[in-house]
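Peer 1: Fit chain F to the given chain R structure using the hints.
2 protein chains.
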Amino acid sequence: MTNSPVKVTSKEQIKQILDEHDTFIFDCDGVIWLGSHVIPGAIETLKLLRSLNKQVIFVTNNSTKSRKTYTQKFAQFGYDATKEEVFGSAYAAATYLDKFVQLPKDSKVWVYGESGIVEELEELGYECLGGTDERLNEKFSASTTPFLPLDPKVGAVVAGLDTGMNYHRSAIALQYLLNPDVHFIATNIDSTFPQKGMILPGAGSCIESVAYASGRTPTACGKPSQNMLDAIVSDKGLDRKRCIMVGDRLNTDMKFGKDGGLSTLLVLTGIETEKGAFESGVPDYIADSLGVISELYE
Amino acid sequence: MTNSPVKVTSKEQIKQILDEHDTFIFDCDGVIWLGSHVIPGAIETLKLLRSLNKQVIFVTNNSTKSRKTYTQKFAQFGYDATKEEVFGSAYAAATYLDKFVQLPKDSKVWVYGESGIVEELEELGYECLGGTDERLNEKFSASTTPFLPLDPKVGAVVAGLDTGMNYHRSAIALQYLLNPDVHFIATNIDSTFPQKGMILPGAGSCIESVAYASGRTPTACGKPSQNMLDAIVSDKGLDRKRCIMVGDRLNTDMKFGKDGGLSTLLVLTGIETEKGAFESGVPDYIADSLGVISELYE
Numbered sequence: 003m004t005n006s007p008v009k010v011t012s013k014e015q016i017k018q019i020l021d022e023h024d025t026f027i028f029d030c031d032g033v034i035w036l037g038s039h040v041i042p043g044a045i046e047t048l049k050l051l052r053s054l055n056k057q058v059i060f061v062t063n064n065s066t067k068s069r070k071t072y073t074q075k076f077a078q079f080g081y082d083a084t085k086e087e088v089f090g091s092a093y094a095a096a097t098y099l100d101k102f103v104q105l106p107k108d109s110k111v112w113v114y115g116e117s118g119i120v121e122e123l124e125e126l127g128y129e130c131l132g133g134t135d136e137r138l139n140e141k142f143s144a145s146t147t148p149f150l151p152l153d154p155k156v157g158a159v160v161a162g163l164d165t166g167m168n169y170h171r172s173a174i175a176l177q178y179l180l181n182p183d184v185h186f187i188a189t190n191i192d193s194t195f196p197q198k199g200m201i202l203p204g205a206g207s208c209i210e211s212v213a214y215a216s217g218r219t220p221t222a223c224g225k226p227s228q229n230m231l232d233a234i235v236s237d238k239g240l241d242r243k244r245c246i247m248v249g250d251r252l253n254t255d256m257k258f259g260k261d262g263g264l265s266t267l268l269v270l271t272g273i274e275t276e277k278g279a280f281e282s283g284v285p286d287y288i289a290d291s292l293g294v295i296s297e298l299y300e
Numbered sequence: 003m004t005n006s007p008v009k010v011t012s013k014e015q016i017k018q019i020l021d022e023h024d025t026f027i028f029d030c031d032g033v034i035w036l037g038s039h040v041i042p043g044a045i046e047t048l049k050l051l052r053s054l055n056k057q058v059i060f061v062t063n064n065s066t067k068s069r070k071t072y073t074q075k076f077a078q079f080g081y082d083a084t085k086e087e088v089f090g091s092a093y094a095a096a097t098y099l100d101k102f103v104q105l106p107k108d109s110k111v112w113v114y115g116e117s118g119i120v121e122e123l124e125e126l127g128y129e130c131l132g133g134t135d136e137r138l139n140e141k142f143s144a145s146t147t148p149f150l151p152l153d154p155k156v157g158a159v160v161a162g163l164d165t166g167m168n169y170h171r172s173a174i175a176l177q178y179l180l181n182p183d184v185h186f187i188a189t190n191i192d193s194t195f196p197q198k199g200m201i202l203p204g205a206g207s208c209i210e211s212v213a214y215a216s217g218r219t220p221t222a223c224g225k226p227s228q229n230m231l232d233a234i235v236s237d238k239g240l241d242r243k244r245c246i247m248v249g250d251r252l253n254t255d256m257k258f259g260k261d262g263g264l265s266t267l268l269v270l271t272g273i274e275t276e277k278g279a280f281e282s283g284v285p286d287y288i289a290d291s292l293g294v295i296s297e298l299y300e
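Chains R and F, in that order, are what the protein sequence lines are.
Using the numbering used here, the letters of the first sequence map in sequence onto residues 3 to 300.
Using the numbering used here, the letters of the second sequence map in sequence onto residues 3 to 300.
Bear in mind the hints are in silico, worked out from the structure with no lab data behind them.
It should be emphasised that the depicted structure is a prediction, and the values quoted were computed from it without experimental measurement.
Where a beta carbon is used, it is the ideal one built from N, C-alpha and C, also for glycine.
Some clues are possibly wrong.
Label pairs and their calculated CB-CB ranges [to be verified]:
1) R/218 / F/276: 21 to 31 Å
2) R/24 / F/152: 30 to 40 Å
3) R/150 / F/241: 42 to 52 Å
4) R/70 / F/276: 51 to 61 Å
5) F/135 / R/8: 52 to 62 Å
6) F/70 / R/109: 43 to 53 Å
7) F/277 / R/197: 49 to 59 Å
8) R/275 / F/182: 16 to 26 Å
9) R/199 / F/244: 51 to 61 Å
10) R/37 / F/261: 47 to 57 Å
Just chain R, same shape as in the assembly (with noise of 0.2 Å):
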């Protein structure tokens, strides 16, 4: 289905937007900020929001930060978002491990990524293994890492963005993803992410090293796949048809909402130009930024 996308310029649209949502989810990055910067206007609009009684909601795929490191984030900028309100891929996995896959908590968990992750995991009960153990960062030996032989406990690998990826790290994982019955979850599988300009190689860069190796596909949890969706909407019991998400990438935040039934704005702070949103057919609304929320309505 091909939406005609209307762009956003005039108070009656905002109130028109107001009116017909009660939730709106937001990408981060691209929308509220730009790296350590923030997008002027973002957080007059946030809190708008907030003084209209809507249900602000922040949705990331950046798993080397914890929900509670991202509130902290939040506070940089002047806005005191409440760890509730946020949902990472990290915290995504960790749910899907437990309401979905329902591993035992006695079970321990192989990490193939940052703090986030283990910080996630840690907070619903599960022990973790690897992640950011220092003695990872070793060169590899079979004969001395003291990850071998391999903890029997251990019943699922969870693997995210990993700026300490090496061989140690990967031949540790494969090993436990060799035993089918040990579960292999990937908190997401960008590609890349950008950073000063620059396009580093995303958590789908990190994890697809083991998972060719291992020959096995992850479950992913990030944006887009639904699961994380999935878990927001059952978490804060949401009614997907009052719902809008805001993002800056049409292939990722777009589709996400779209995915699963709820309204779709694009924002322009982010990569994507004009032309290409209009072509693309996939938002229901375009607006410059996020501050032109607060500054219409005003």
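Peer 2: For chain F alone, kept in the frame of chain R given last:
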């Protein structure tokens, strides 16, 4: 086309194989040695072939060692292989870059791999960057890495097994691969390799990380790619009808030989079973080990 493999058990069969072939192309691991242990009778068979003026060629997908380093391994087992008898996937990749891509010699090559690749490229006159450079062992930071900005003279990325794989190496290789004019060549794309009873991540597992991030597929040079066999046939001026490929794996060695129009002999000292070999219908001949040839001949 399916073969009915012949199990080699008599002197007459050996004589027929020797009569019909001038060139014996060998996989090494699982055929001549298993890790650091020589397979009984293998060296005697190599010496027999040499005494009968047969040409002997060793083909390996191991890209971490150069041909020269390989001859040293043969020397340990009491066989004086020459560098010209060894075709490694690092050499195949370097030759491919030189002969087929015809990359100018004043271009540089970014190496995601170990010293074997660097040595083979340098021998053909290419300056290499990356590889085992110790500065790549540091944690990646876009602002401190000495490998940015990119070197505009780099015309190709050659990737192979790299037990030093890490985010720094992936990030820089990706920056080069984002330029579609930079060639992308893999020594081989084996997903795993066996070592001391373990299955470890192979070259393909390291390479897949940057392939996925860049959205590009490398040209693979090792077995079973015919790029490797074409390079050998061209280099040695071989008559394919008078060549036999000897190996221990159906899906690489035997496929490699059969696809290239060679006869094929599977030895059972590696990973295949006799039952599986017969049922596959792939090899022309099956022998319990390479040693069988010299034993039966004498």
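Peer 1: Run every hint past the structure and note whether it holds.
Peer 2: Outcome of the hint check:
1. R/218 / F/276: 21 to 31 Å: holds (29 Å)
2. R/24 / F/152: 30 to 40 Å: violated (49 Å)
3. R/150 / F/241: 42 to 52 Å: Cβ of residue 150 of chain R to Cβ of residue 241 of chain F: about 48 Å, so the range 42 to 52 Å holds.
4. R/70 / F/276: 51 to 61 Å: holds (59 Å)
5. F/135 / R/8: 52 to 62 Å: Cβ of residue 135 of chain F to Cβ of residue 8 of chain R: about 53 Å, so the range 52 to 62 Å holds.
6. F/70 / R/109: 43 to 53 Å: Holds, at about 49 Å.
7. F/277 / R/197: 49 to 59 Å: holds (53 Å)
8. R/275 / F/182: 16 to 26 Å: holds (21 Å)
9. R/199 / F/244: 51 to 61 Å: Taking Cβ atoms as reference, residue 199 of chain R and residue 244 of chain F lie about 58 Å apart, which means the hint holds.
10. R/37 / F/261: 47 to 57 Å: holds (50 Å)
Hint 2 alone, counting from the list given before, is not met by this structure.
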